[in-house]
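K.L.:
Residues per chain, in single letters:
There are 2 protein chains.
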Amino acid sequence: MTFAARSFSIRMMEIARDIADARKIVRAARSEGRRITFVPTMGALHLAHVSLMHAAKGGDSFLVVSIFVNPTQFGPNEDFEEYPRDEAHDLTACEQAGVDLVFLPSTDAMYPSDSATTVRVDKLTDTLCGARRPGHFDGVATVVTKLFNIIQPDAAYFGRKDAQQLAVISRMTRDLDMPIEIVGCPTVREEDGLAVSSRNAYLNQQERRQATCLYRSLNKAMNMIESERTDADAIIDAMRRIIDEAGPATVDYISIVDPASMQPVKRIDRGVLVALAVRIGPTRLIDNIEVDPRPVSR
Amino acid sequence: MTFAARSFSIRMMEIARDIADARKIVRAARSEGRRITFVPTMGALHLAHVSLMHAAKGGDSFLVVSIFVNPTQFGPNEDFEEYPRDEAHDLTACEQAGVDLVFLPSTDAMYPSDSATTVRVDKLTDTLCGARRPGHFDGVATVVTKLFNIIQPDAAYFGRKDAQQLAVISRMTRDLDMPIEIVGCPTVREEDGLAVSSRNAYLNQQERRQATCLYRSLNKAMNMIESERTDADAIIDAMRRIIDEAGPATVDYISIVDPASMQPVKRIDRGVLVALAVRIGPTRLIDNIEVDPRPVSR
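Chains as they are written, first to last, in the working numbering: chain A, 2 to 299; chain B, 2 to 299.
Simulated from the structure, these hints should not be mistaken for lab results. Predicted, not measured: the structure shown is a model, and the values here were computed from it. Careful, some of the hints might be misleading.
It does not matter which identical chain is meant; a pair holds if it fits inside one copy or across any two.
[As the list claims (entries may be wrong)] Here are the computed lysine to any residue pairs in the SDA-like style, where the Cα-Cα straight-line distance is at most 25 Å:
hint	residue 1	residue 2
1	K25	D178
2	K162	D87
3	K267	A30
4	K58	L48
5	K124	P72
6	K124	P77
7	K162	T213
8	K25	R35
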């Protein structure tokens, strides 16, 4: 009995901390004709990241995950220092998800002291989180541009939980003619509906229970819109009542916006994005849902 | 007598007006293993552009020239409408220079009506032309990023006459991790020293004679610095006298700056960039020279 000659290899996950190393590894994969897919993250990897990795894996794609807690997208009073970091956990999660390359750059490599360049997306960023976190989306757009230029992926995957971020990156990619497909993936939720987020780790037990109010308020909005309620302010009021009844919290915003422009919609006569940001204790949580009004029967 | 079999082909210059067509033609060249070189221009091609093309040609490089009068780098009171345009002349110049692809996008293709993204380089842009032309370098950085992403060249060529532009593009390319070599090429001058520029076409005969005062003042600065004069203000005064004596003109700026940071230098103890912008009649001309002080004898 003979075996046909067949070459195969099991490759280990590669890890690059230098920009030059990352480029070299990706170049080698591309020269083998593999499609390069990319999931940029800030680490603290959880189920939602893993679902992005699964979406990006498949076929002969070479999957790159970056882990970089980007300082320029945090405001001066935000949680850059506290943001959870656990490299060993993250590398295990990547390996289990079949990642081919993890890119772990240092802050110094990403931002030399005389860095002077910013990528800015206007219009989409003057509402929702953009209005509350000045400079946040400049930081996101700039670091994503850098990561895109280092990895040069064919496709990059982002979660829809960060809906405004996805809109900003999609517009930026188109505006700057980056030859990259931007893929938005569904929000991953816990059993009780809470959107999975690295910041959920900040919640104590009571806050964690309370935090379901975000998803419950979004469901309320969906039900009202599907019941042909068209007055955005009335829907927002109903959502706010659910938040208020759940316990002490600060509503950062509750907004109903056009999903393309991120601008407020007063009368709901088309698909909308219902989005909110709520502080429970010191923890700021965001969530959103896209809803289409039911087709009007004539 | 036999001839060795030898395959060769003479290719015609290609012209792409669509972004997708340009990408396709460049991709085909890259798949043949050719190095992609790129000279972005606003057309009105002259000797200085041709010298960039010659620098970018050579070896097996596939030379792309873009011609696009970029509206976003002109201020509201600047010469966007009057800027010289002559496509037939430009295409002939490209063909004679051995260009492989001319990319001629429309303004609508480059800037869809909901464009929202700007690339901004700070620090380097608050002096010289950056201080006098608000938004100019945002427009330059944004369109060059777009063109780089469309053509994806290995190297791009820019003239040193636009020294601040070259510094901005070099910094931007590094800051955003674009895998592109930026090559600065020497200023091309007429016999009497006037830097070749598309805007020289605006000058009448008398203004054209007067315009040599820019180069003469730069030579004066070079002589003073090489004679160990270190007081920047005194050098600037001497330059200004040469401009004033040549006829009626408005000095926009005369500056001596650090070539890396573009920030003013008071005491010349290292290599400097001497730069000026002067209006002769309605025409704004710029020029510059890099000078190293003579090594001090001990």
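K.L.:
Each hint should be assessed against the structure and marked as holding or not.
P.N.:
How the hints compare with the structure:
no.	hint	in the structure
1	K25 - D178	both (24 Å within a copy, 14 Å between copies)
2	K162 - D87	within (22 Å within a copy, 50 Å between copies)
3	K267 - A30	neither (49 Å within a copy, 51 Å between copies)
4	K58 - L48	within (15 Å within a copy, 51 Å between copies)
5	K124 - P72	both (23 Å within a copy, 20 Å between copies)
6	K124 - P77	both (23 Å within a copy, 21 Å between copies)
7	K162 - T213	within (15 Å within a copy, 61 Å between copies)
8	K25 - R35	both (14 Å within a copy, 19 Å between copies)
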